[in-house]
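Protein chains: 2
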Amino acid sequence: MLVESIKNLREILIKHKSTSESRIGFVPTMGYLHEGHLSLINKAKVDNTFVVVSVFVNPTQFSPGEDYENYPRNIENDYKLAMIAGADVVFYPSVEEIYPEGASTFVEVEGSIVMKLCAHSRPSHFKGVTTVVNKLFNIVKPDNVYFGQKDAQQCMVIKKMVSDLHIDINVVVCPIIREFDGLALSSRNTYLNKKEREQSILLYKSLVQAKLVFDNGINDVKTIKETIRNIIQKSNLAQIEYIEILGIENFETINVIDRRAIALVAVKFGSTRLIDNVIIEKE
Amino acid sequence: MLVESIKNLREILIKHKSTSESRIGFVPTMGYLHEGHLSLINKAKVDNTFVVVSVFVNPTQFSPGEDYENYPRNIENDYKLAMIAGADVVFYPSVEEIYPEGASTFVEVEGSIVMKLCAHSRPSHFKGVTTVVNKLFNIVKPDNVYFGQKDAQQCMVIKKMVSDLHIDINVVVCPIIREFDGLALSSRNTYLNKKEREQSILLYKSLVQAKLVFDNGINDVKTIKETIRNIIQKSNLAQIEYIEILGIENFETINVIDRRAIALVAVKFGSTRLIDNVIIEKE
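Line by line, the protein sequences give chains A and B.
The first sequence maps to residues 1 to 283 in UniProt numbering.
The second sequence maps to residues 1 to 283 in UniProt numbering.
Incorrect hints may appear among the rest.
If chains are identical, the list can't say which one is meant, so a pair holds when it fits in one copy or spans any two.
Quick list of in silico lysine-lysine cross-link-like pairs, DSS-like style, CA-CA up to 25 angstroms [claimed, not checked]:
#1 Lys15 x Lys141
#2 Lys141 x Lys80
#3 Lys17 x Lys141
#4 Lys159 x Lys116
#5 Lys159 x Lys43
#6 Lys211 x Lys222
#7 Lys159 x Lys7
#8 Lys141 x Lys127
Hints were generated in silico from the structure; no laboratory data involved.
Using the sequences and the hints, build the whole thing.
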């Protein structure tokens, strides 16, 4: 079922909850669904009695000059894909439904987790993310919510918000889904031209190489970051925004990888910004 | 029952909800309960099947130099009074329970409602209020929540947060309860010495006079504010912080009272800050 109003969605959810022991699963998306999203919906279907997928391109998480207007949209296709993957409801609200006129309340995680990485190029991005996710949580009131590990910093920030605000929702982070050649799936991949698409595989290649280097006994962060940089720089189109290796718990800065860390990259090809990450750990 | 941990409170609430058609009523307080609080608990008892009263002196809503450390506390008495008034649970968490180490997520209403009145002397006050109330909402998940009209701006800000964030909770604002001589009940009244207590009744007197003046056909805001000021200034101890007459919907600035408005005052006696308000309206 496609539902556009909060009121209708609430009625449907109340009805479902009244029938039996319900568990509501929620997959918030910006639409233009790919296999990455569908893997979240599949997982939600297994874990819950009812699955809500939201499709909402959230204006407040785009910085001025970013691709809000041009962000790819295709609700008909999204609806079909989501329902096949296991959604019970696709929630497709208007901007006015989520941000009624004069809405001026924001939810913000402050501190080190949000100040790093993507925050440099997108300063108010996470404030937009936490605000809209908080609103959607209040509307859907799920038991479990599903996010993709591709947006690693987003997962971290949302877990922090949930924990700090005592939100009674279980956050499930699901693995990155990749193309045949390793490129992490993203709705923005559609922006890449042929040359950019070819060179974009260097992101994943560089991260795999970082793991290999660590497996071979090198645990110095600076050296591993250089390895990543050298590989990405083989592309003449790649503009590196950041290459980072951080602690897995709080994205804390580290100089040496002890047992586990996360390697993250953000690279622009033309105006298309891609991110990717891998967990580096001792087997 | 006195409950100190979120975990225990959640277990109790889940148990209650499983038994029948439950309606949870919630009265958040900073303790040192007086008849004003008890009137909220009474109302909650009538409307709901289960009533949670929280007693938590919230550090983040006090500005530096304010009375956080000295704010009056008496949990034994609060517990007794709340239970007699109709509470099923008194939730009495520690600061660490509500703000675990490293907690850095805040909920903030921006814009005109929070920029006026109390915000001038207490700039981060409402950010502390909305953050803690949001946390408590996520913990208690009530159907109805009860606040006193005495904190008129707080009621306004919380209603705005609830509406903006699509929080599915009904906010009930209850009338101000007063002493025999008109002074609005407040836990801070206990700070007043004998002289200050005597002169403090001028706040309510001035507001009653404002209503009278309006009933007699004067609707010019400037004139009515002067009336209020003249009465409060009869006290040689009163330091006026603000006298305002605002629109009732959004605390918008008005020059003339059409049908309804709210008159609000904040006055310091020594270091004790008192607030009061009345609705001014055509019969």
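These are the hints, each one checked on the structure:
{"no.": "1", "hint": "Lys15 x Lys141", "verdict": "both (14 angstroms within a copy, 19 angstroms between copies)"}
{"no.": "2", "hint": "Lys141 x Lys80", "verdict": "within (24 angstroms within a copy, 34 angstroms between copies)"}
{"no.": "3", "hint": "Lys17 x Lys141", "verdict": "both (11 angstroms within a copy, 16 angstroms between copies)"}
{"no.": "4", "hint": "Lys159 x Lys116", "verdict": "within (16 angstroms within a copy, 34 angstroms between copies)"}
{"no.": "5", "hint": "Lys159 x Lys43", "verdict": "within (18 angstroms within a copy, 36 angstroms between copies)"}
{"no.": "6", "hint": "Lys211 x Lys222", "verdict": "within (14 angstroms within a copy, 72 angstroms between copies)"}
{"no.": "7", "hint": "Lys159 x Lys7", "verdict": "between (27 angstroms within a copy, 18 angstroms between copies)"}
{"no.": "8", "hint": "Lys141 x Lys127", "verdict": "both (20 angstroms within a copy, 24 angstroms between copies)"}
No hint from the list above goes unmet by this structure.
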